Amino acid sequence: MHRLSALILTTDTLRALGLKHLLESLFDTDTHIAPQAAQSLADEVERCDIIFADGHSCISCLDLLIPKKAKTVLLTSNSADKQHIDSWLHIDASTDSDHIVEQITSILKHIKRNSMERMELSARETDVLRLVAQGMTNKEIADNLNISINTVLSHRKNISAKLGIKSVSGLCVYAMMNGIIN
Amino acid sequence: MALIDKYSKLSDVILEDPSVITILNRFNIFLGVGDKTVEQACAEKKLDTDFFTIILNTFSNEEYFPEKLFKNFDVKIIIDYLNCTNNYYRQFIIPNIESHFNLLLQRSEDDNTNLELLHKFFLEVKTELQGRINSDSSTLFPEIIRLDNAASNRPCGIDVPVGNVETNDAIEDKIDDLVNMFVIHLTGKYDTNLCIAVLFAIISLKKDLCQNNRIRNRILMPIFNFLKNA
Chain A
1 MHRLSALILT TDTLRALGLK HLLESLFDTD THIAPQAAQS LADEVERCDI
51 IFADGHSCIS CLDLLIPKKA KTVLLTSNSA DKQHIDSWLH IDASTDSDHI
101 VEQITSILKH IKRNSMERME LSARETDVLR LVAQGMTNKE IADNLNISIN
151 TVLSHRKNIS AKLGIKSVSG LCVYAMMNGI IN
Chain B
1001 MALIDKYSKL SDVILEDPSV ITILNRFNIF LGVGDKTVEQ ACAEKKLDTD
1051 FFTIILNTFS NEEYFPEKLF KNFDVKIIID YLNCTNNYYR QFIIPNIESH
1101 FNLLLQRSED DNTNLELLHK FFLEVKTELQ GRINSDSSTL FPEIIRLDNA
1151 ASNRPCGIDV PVGNVETNDA IEDKIDDLVN MFVIHLTGKY DTNLCIAVLF
1201 AIISLKKDLC QNNRIRNRIL MPIFNFLKNA
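Residue numbers (our numbering), protein chains in the order written: chain A, 1 to 182; chain B, 1001 to 1230.
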């Protein structure tokens, strides 16, 4: 099923490694530390559920992070930074690990609640699933529903993420199990 | 799990991750290992200790996959292992899932069509997996060995490209789907114990296939491509 994926953007390697360890061992996230120069950064930012970025990274990747403000958490070691930011994780040399875990729990609770709300298929996704299960190609589905192929692909990606089913045969079985097709 | 080395006791290895028993069986090592170390067991069974250790480590640790070390081994030893793995699927794990699934269907309510649909899906996965196993033993593996013999001066490991290999696997995806359908979408009345037995067997196949596909897709196939173009 969908496992939260986190991206860490910071030049502080030790802090990044410590945070990655906590996120993976206690919160079962799939966590990547991204070098800021990576060409794939835009893809990673798009794909992940949550981004932890320090101030320096926020500034250097501003164009990428502004559209993703809702899922970006500022990594800060300075309490003054927090006053202007909605979501932040405060870690400095004196922060104890329980407090860090508490902060992450609170941040992830919000993200997980949002992602659970998205688990039900929308009416349009059900239409797409029905046609996939009937064996139609993406082009045929797009023509049938008067939408673009990109929209079909996007619906298919969402359907797979919500149901935890990737293969066409699997989707077909799910559609039969749930009376979407006979 | 901590990495295994030649001084590790086999009993500790098994107690730490019992699923390695199925790997040990592929090397003719069975339960009742006493206090033998990896090195002693390998000497007794005339196994390559380095290869045996690397297989155990890659099976038990998802994060551990030393591609360069793998590519230094003789391709025949890799193929021997993958052949044993295929035999394990064909002779043990697929029949095991099948027999439990048949019992599950027999003992579940007649109107539980969901299980029948899942069973049909499993049969589709089984057919695909068996097709791949047959193709491995009749075509792919003999062809790789033939090419390797022809290029007997292949410098082990150094020229074979690492990484950038297509690792998506349709069979793995379908087994994933099957597991998720049991866990998330199953409805109706069924025999709980048998259902758990089926699910555990499928999950065991999923782990095995996933770990061993790494060897197949990231080691063997690049060597094959290298030999073809050599």
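It cannot be assumed that every hint is accurate.
[Stated by the list, open to error] Here are the simulated DSS-like cross-link-like pairs (lysine-lysine), alpha carbons at most 25 Å apart as the crow flies:
1) 1046/B with 1076/B
2) 1046/B with 1009/B
3) 1120/B with 162/A
4) 1076/B with 1006/B
5) 109/A with 69/A
6) 71/A with 20/A
7) 69/A with 157/A
8) 157/A with 1206/B
9) 71/A with 139/A
10) 68/A with 139/A
11) 162/A with 1207/B
12) 1076/B with 162/A
[Claimed, not checked] Anything over 10 Å on all C-beta distances counts as not near chain B; from chain A, calculated:
13) 167
14) 169
15) 177
[To be verified] Quick partial rundown of chain B residues pointing at chain A, CB under 7 Å, derived from the structure:
16) 1117
17) 1119
18) 1121
19) 1124
20) 1126
21) 1130
22) 1173
23) 1177
24) 1184
Source of the hints: derived by calculation from the structure; they are not laboratory data. No experiment lies behind these values; they were computed from the predicted model shown. Glycine included, C-beta positions come from ideal geometry on N, C-alpha and C.
Original post:
Going by Cβ atoms, does residue 167/A stay more than 10 Å from chain B at every point?
Top reply: violated (5 Å)
Subject >> Distance restraint between residue 109/A and residue 69/A, which requires alpha-carbon spacing of 25 Å or less >> reply: holds (17 Å)
Original post:
Are the Cα atoms of residue 1076/B and residue 1006/B separated by 25 Å or less?
Top reply: holds (22 Å)
**OP:** Tell me if residue 1184/B is really an interface residue toward chain A, meaning its C-beta lies closer than 7 Å to one of theirs.
**Re:** Holds, because the Cβ-Cβ distance from residue 1184/B to chain A comes to roughly 6 Å (cut-off 7 Å).
Original post:
Are the Cα positions of residue 1076/B and residue 162/A separated by 25 Å at most?
Top reply: violated (43 Å)
Original post:
Within 25 Å, alpha carbon to alpha carbon, are residue 1120/B and residue 162/A?
Top reply: Answer holds: residue 1120/B to residue 162/A is near 23 Å, not above 25 Å.
Original post:
Against chain A, with CB atoms and a cut of 7 Å, does the hint on residue 1130/B hold up?
Top reply: violated (16 Å)
Original post:
Are the Cα positions of residue 157/A and residue 1206/B separated by 25 Å at most?
Top reply: Since the Cα atoms of residue 157/A and residue 1206/B sit roughly 22 Å apart, the hinted pair holds (cutoff 25 Å).
Original post:
Is the interface hint for residue 1173/B satisfied, with its Cβ closer than 7 Å to some Cβ of chain A?
Top reply: With a closest approach of 5 Å, the residue 1173/B hint holds.
**OP:** Take a quick look at residue 169/A and tell me if its Cβ sits farther than 10 Å from every Cβ on chain B, holds or violated.
**Re:** Since the minimum Cβ distance to chain B is about 6 Å, residue 169/A lies within 10 Å and the statement is violated.
**OP:** Against chain A, run the beta carbon of residue 1124/B and see if the smallest gap drops under 7 Å.
**Re:** holds (6 Å)
**OP:** With chain A as the partner, please determine if residue 1177/B meets the hint condition of a C-beta pair closer than 7 Å.
**Re:** This hint holds: residue 1177/B lies near chain A, its Cβ roughly 3 Å from the closest one there, short of 7 Å.
In this structure, the earlier hints numbered 9, 10, 12, 13, 14, 15, 17, 20 and 21 are contradicted, and the remaining ones agree with it.
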